[in-house]
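**Student:** Here the protein sequences line up with chains Z and Y, keeping their order. At position 109 of the first sequence (counting the first as 1) the number is 109 in the UniProt record's numbering, and the numbers step up by one without a gap. At position 103 of the second sequence (counting the first as 1) the number is 103 in the UniProt record's numbering, and the numbers step up by one without a gap.
It should be emphasised that the hints constitute simulated quantities derived from the structure, not laboratory data. What you were told as hints is all true, and nothing was included just to trick you.
Chain copies aren't distinguished; within one or between two, either way the pair holds.
In silico DSS-like pairs for lysine-lysine, Cα to Cα no more than 27 Å straight-line: (1) Lys68 - Lys49; (2) Lys15 - Lys37; (3) Lys68 - Lys44; (4) Lys37 - Lys68.
Given the structure is predicted, the values throughout are model-derived calculations rather than measurements.
Protein chains: 2
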Amino acid sequence: MNLKSGTEEACAACKYQRRRCTSDCSLAPYFPADQPKVFQNAHKLFGVKNTLKILKQLDPTQRVIAMKSIKYQANMRDRFPVYGCLAEIQLLYCQIQAGEEELLAVLAQLAFYRQNHQEQQEISSTNETF
Amino acid sequence: MNLKSGTEEACAACKYQRRRCTSDCSLAPYFPADQPKVFQNAHKLFGVKNTLKILKQLDPTQRVIAMKSIKYQANMRDRFPVYGCLAEIQLLYCQIQAGEEELLAVLAQLAFYRQNHQEQQEISSTNETF
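All chains should be modelled from the sequences, with the hints used to inform the complete structure.
**Tutor:** Right under this line is the structure:
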């Protein structure tokens with residue numbers, strides 16, 4: 001166990017658990033000392049054991065993304081205790097639906113102008129023939 | 001503790017924990033006996049204690065939605081061990097971006113036809129004047 005130097009602060013996870021933060025602390029890269037609430041949210045939703053289990057199952061290269069998603073989910077559950085990150089998913093589905101409706105309306109207008117344009121061109125070519 | 005009648009099966013949570021499932025089991029409404037994998041996913045990601053804690057903090061009317069979101073997140077983490085439900089959120093953002101690009105392209109076409117239509121009308125009204 002290598003204790004951090006005096007200038008380095010214990011990470012938010014170790015601070016919360018009142019543990020000594022070592023240089024090989026698995027959670028320190030993801031829970032810096034100045035984000036205690038982020039750790040508390042993750043701890044409340046998943047627990048330290050589960051969070052460490054998720055980290056251990058993954059390649060080191062995948063861990064940053066996995067922890068980003070874990071922290072995101074925990075923060076969303078803190079903000080929306082009932083829906084969690086489903087709140088955002090539902091919002092995005094609504095946004096997609098509204099976008100599709102707008103697109104349909106614009107396509108209908110486009111069809112009208114296209115039809116109109118085609119008719120004008122047919123009239124012009126008929127006039128040119130006579 | 002009221003044990004379930006002989007015809008009623010223990011819920012997936014009690015089965016997994018090898019507990020007797022009672023009629024007042026808090027997890028039974030959300031983890032039916034025929035969905036053992038759904039419980040295992042929730043158990044793996046959140047743990048039984050955290051799941052029960054979430055339930056206790058909410059009004060009975062909110063619990064169904066909360067458990068739906070909990071099960072959804074757990075199933076997504078099982079499918080996408082790195083991204084979890086961020087996988088879907090990212091997909092939806094991509095869908096929104098693609099939709100916005102499509103809308104912009106259609107709006108550009110619409111502007112062209114509108115301009116064309118306006119010019120045709122101006123020509124027609126000029127011809128009528130002479």
